[in-house]
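Chains as they are written, first to last, in this note's numbering: chain A, 47 to 500; chain B, 47 to 500.
FYI, nobody ran anything at the bench for these hints, they're computed from the structure.
Fair warning: this is a prediction, and the values are worked out from it, not measured in the lab.
Don't take every hint at face value.
No farther apart than 30 angstroms at their CA atoms in a straight line, the calculated lysine-lysine pairs in the DSSO-like style are these [as the list claims (entries may be wrong)]:
1) A/Lys418 with B/Lys268
2) A/Lys93 with B/Lys151
3) B/Lys349 with B/Lys138
Which stretches of chain B does chain A cover? Using the computed rule of at least three CB atoms under 8 angstroms from a CB of chain A, they are [claimed, not checked]:
4) 78 to 90
5) 196 to 210
6) 411 to 417
7) 421 to 429
8) 474 to 484
With the C-beta cut set under 10 angstroms, the calculated list includes, among others, these residues of chain B facing chain A [said to hold, decoys possible]:
9) Gly241
10) Glu242
11) Lys259
12) Gly403
13) Ser432
Glycine residues also receive a C-beta, built at the ideal position from the N, C-alpha and C atoms.
Here is what each chain is made of, one letter per residue.
There are 2 protein chains.
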Amino acid sequence: MKSRLLSLLAMATMFTASAQDSLMFRKISDEIMLHATCYDNLRVLCKTVGHRISGSPAAARAVEWADKTMKETGADKVWLQPCDVPYWYRGKESLYLMLDGKYVKVDALSLGNSQGSNGKTLTAQVIMVHNFDEFNALPESAVRGKIVFFNYRWRQDFIFTFQGYGDAVRYRGAGPSMAAKKGALAIIIRSMSTGEDDFPHTGGTHYNDSFAKIPAMALGNKTADKLEAACKAGQPGAKMTTECHMMPDLVRSYNVIGEIKGTEHPERIITLGGHLDSWDVGEGANDDGAGVVQSMEVLRAFKALGLRPKCTIRAVAFMNEENGQKGGQAYADSARSKHEHHILAIETDAGGFSPRGLGFVMSQPQKDKILKYKDLWIPYGILDFSRDEGGSDIEPMKEKLGVPLAGLVPDSQRYFDVHHTNNDVFENVNHRELKLGAVALAQLIWTVSEQGLD
Amino acid sequence: MKSRLLSLLAMATMFTASAQDSLMFRKISDEIMLHATCYDNLRVLCKTVGHRISGSPAAARAVEWADKTMKETGADKVWLQPCDVPYWYRGKESLYLMLDGKYVKVDALSLGNSQGSNGKTLTAQVIMVHNFDEFNALPESAVRGKIVFFNYRWRQDFIFTFQGYGDAVRYRGAGPSMAAKKGALAIIIRSMSTGEDDFPHTGGTHYNDSFAKIPAMALGNKTADKLEAACKAGQPGAKMTTECHMMPDLVRSYNVIGEIKGTEHPERIITLGGHLDSWDVGEGANDDGAGVVQSMEVLRAFKALGLRPKCTIRAVAFMNEENGQKGGQAYADSARSKHEHHILAIETDAGGFSPRGLGFVMSQPQKDKILKYKDLWIPYGILDFSRDEGGSDIEPMKEKLGVPLAGLVPDSQRYFDVHHTNNDVFENVNHRELKLGAVALAQLIWTVSEQGLD
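The shape of chain A in the complex, shown without the other chains:
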């Protein structure tokens, strides 16, 4: 009796994916591991276009590249979807720090979206705080006319580095306006960086319109150590000269979309995307050229294998993830106005590293439906299904249309070494790791297209 009950329980709670499903997973994997074009495509994007901040001429070239490359996947249809994006322009910038009694030029990057000094040189004392608590305890008189150094160290004890990023990024986002509120002239931050190197990391800051928009720059970890030492040693100074500013007008740009029409349910759409824009440093290789070429790779592999998915599959190279999400908004707005039926939106924007999991933002029954197939992913090293993972570009699909979301979860250890730096280059993406990410995404899309989510 007990054993019969156990069997019934087992039947009710377990599900064995069929041998056919398993063979399809293998077919997809073999096609991508042996014949993928994503790595070569990434090389071309990185080496011929390079970094490509929204609104820039480089971003326009990236759109051309994506249009051409998307067509090469064999997609049934490729089109550009307009969106108007901000254009933040860096211009020239320099930072000198008083180190060992004299001003020394250091490597530093203005924070994205920040307003520079209009090319004038700000010279001021630096006041160091380690965190917001220390800053909040300072009287206004201690801050006024100074440059505030937010010397907050990355929490290396967090294992999943996105947790460290979420913790540290407050200083980049809110630091300038907090300092401006107390009359600071500018801020300097220790970069949001796991790196044991000296690359400064840029990334978006957000001004509170109630306060002055003061300049803000980031230092690499080693230079931040030097400034920390200088602050401890006496009264350190900085000379900051920056030209960066937001351009007055929005710029017409585009999402690039490729589509394979579904055979049984063409009206049901599964979207997979990464973002085409990057910050204006490095080559935007891991952030997020990798996601763009992986998305294209899924279409290419389906076409090469002659797979004809039941649902419509779209690969999207989104524009303007980094500082506006205008592409993601435009995609969701278009879906809404056309009354499209989106069953799943997936993002890959966590680097081209070895994939370890798939994350979901959806109802429990929907998750359970996918998790019935989770053992199929074991041979591909996809073992973590625990994370709530979507992405900035697809978030509007959830907010405006209630679409379930999913995201690729690559190994996170190296991402914040290179993220938003001059070191985010093609050479820091491994060809097998990149392809394996595309494999897991293609397998997910095939599964949902065949089995549905409801």
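Use these hints to put chain B onto chain A, whose structure you have.
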């Protein structure tokens, strides 16, 4: 009734590790992620000693470094354990290939343990085969007096790259004697390499004493492509000049051992090790400086935390893993002659990459004992407990003494890009990934030391 039965079933089949266990895992992780010395130690080993083939002066310097560095961990006792090792000497080597009608010097490495041409130049036609089947089908007359090119491509469709290595390494191991049997003068192989680059990979070959010991060299993938094209185009040639040989005498060398004495069961020993020797190229960073510094890190962390394990813990920097395993043999022989009671031997020799699992070669009840705690590893990204993983250095402990084995399972995607090449350098080890491996190992050792295996 059903729900009561379910509860009973749950109690019988599940085990919830205590909150105390979970806190100890966190304590170990925080200590290592915030205060580890393993990354700095690896830098010193790589940059001041560099590569260190068994028997060489560099290997002797590595022993000195390991003795000093092991003592710095705070181990209760550090000692050298003698072993006599072979010394394979590369000397000068060059390879010219007939490419586009003229001889061009290419980058190539003699295979480890191979006998060179005594500095004379072998000039011969090259005959290409893609695998052993093709080679076996050739008549002796087609091979005699030629240089055989074993052009076997790495199977990129294998997801776990050690599977690809096991598949391809036959050509490096057995190729020379197979070719010699049919009268070949020398062989050239396409390297055992996942890389999309041109680094040649060395590594051990094994002669069958029944046949001539002919020279053997490896090409990087891009040069192998060129030779393949030349073979297809006509009658290609090669000029090989090598001096490598096995030195006539064994050299006295050492394992370096550090120990923390157990408090409750000092006679029960848990060994953790990596290997100190490397091939004579690059810096032996991932193979296996990483494993050596991780092993030392576990002792350092236990001491820094004031942990007093019930069992005795040893970290071992094994000598001569690459071409003789004399250190591993000496360690097992010593354990047997001293009637030591080893409850577990663990190896870390798969690169300093992001750890994904722990593997075991032990009885199912022993495995089950460890797996009761597996949920404790989830926050550290250790999700794969499926592999039979030990290591060459600890294999004699199993063979001679029946000791259960375990091994760290890092992500395998990048290992065979750099393995046995000039590109196996410190810069290709990430500090967080290296430390996370040490975290998982320390957690495993603590668990087995406290809970036992039986």
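Hints, one by one, checked against the model:
1. A/Lys418 with B/Lys268: It is violated: about 43 angstroms lies between the C-alpha atoms, which goes past 30 angstroms.
2. A/Lys93 with B/Lys151: Holds. Lysine 93 of chain A to lysine 151 of chain B sits at ~29 angstroms (cutoff 30 angstroms).
3. B/Lys349 with B/Lys138: With a Cα-Cα distance of about 46 angstroms, the restraint between lysine 349 of chain B and lysine 138 of chain B is violated, given a limit of 30 angstroms.
4. 78 to 90: holds (count 3)
5. 196 to 210: Three-residue rule met by the stretch 196 to 210 of chain B, so holds; n is 5.
6. 411 to 417: violated (count 0)
7. 421 to 429: Held - the stretch 421 to 429 of chain B has 5 residues with a Cβ nearer than 8 angstroms to chain A, which meets the minimum of three.
8. 474 to 484: holds (count 5)
9. Gly241: 9 angstroms, holds
10. Glu242: 5 angstroms, holds
11. Lys259: 35 angstroms, violated
12. Gly403: 9 angstroms, holds
13. Ser432: Holds, because the Cβ-Cβ distance from serine 432 of chain B to chain A comes to roughly 8 angstroms (cut-off 10 angstroms).
Of the numbered hints listed earlier, those contradicted by the structure are 1, 3, 6 and 11.
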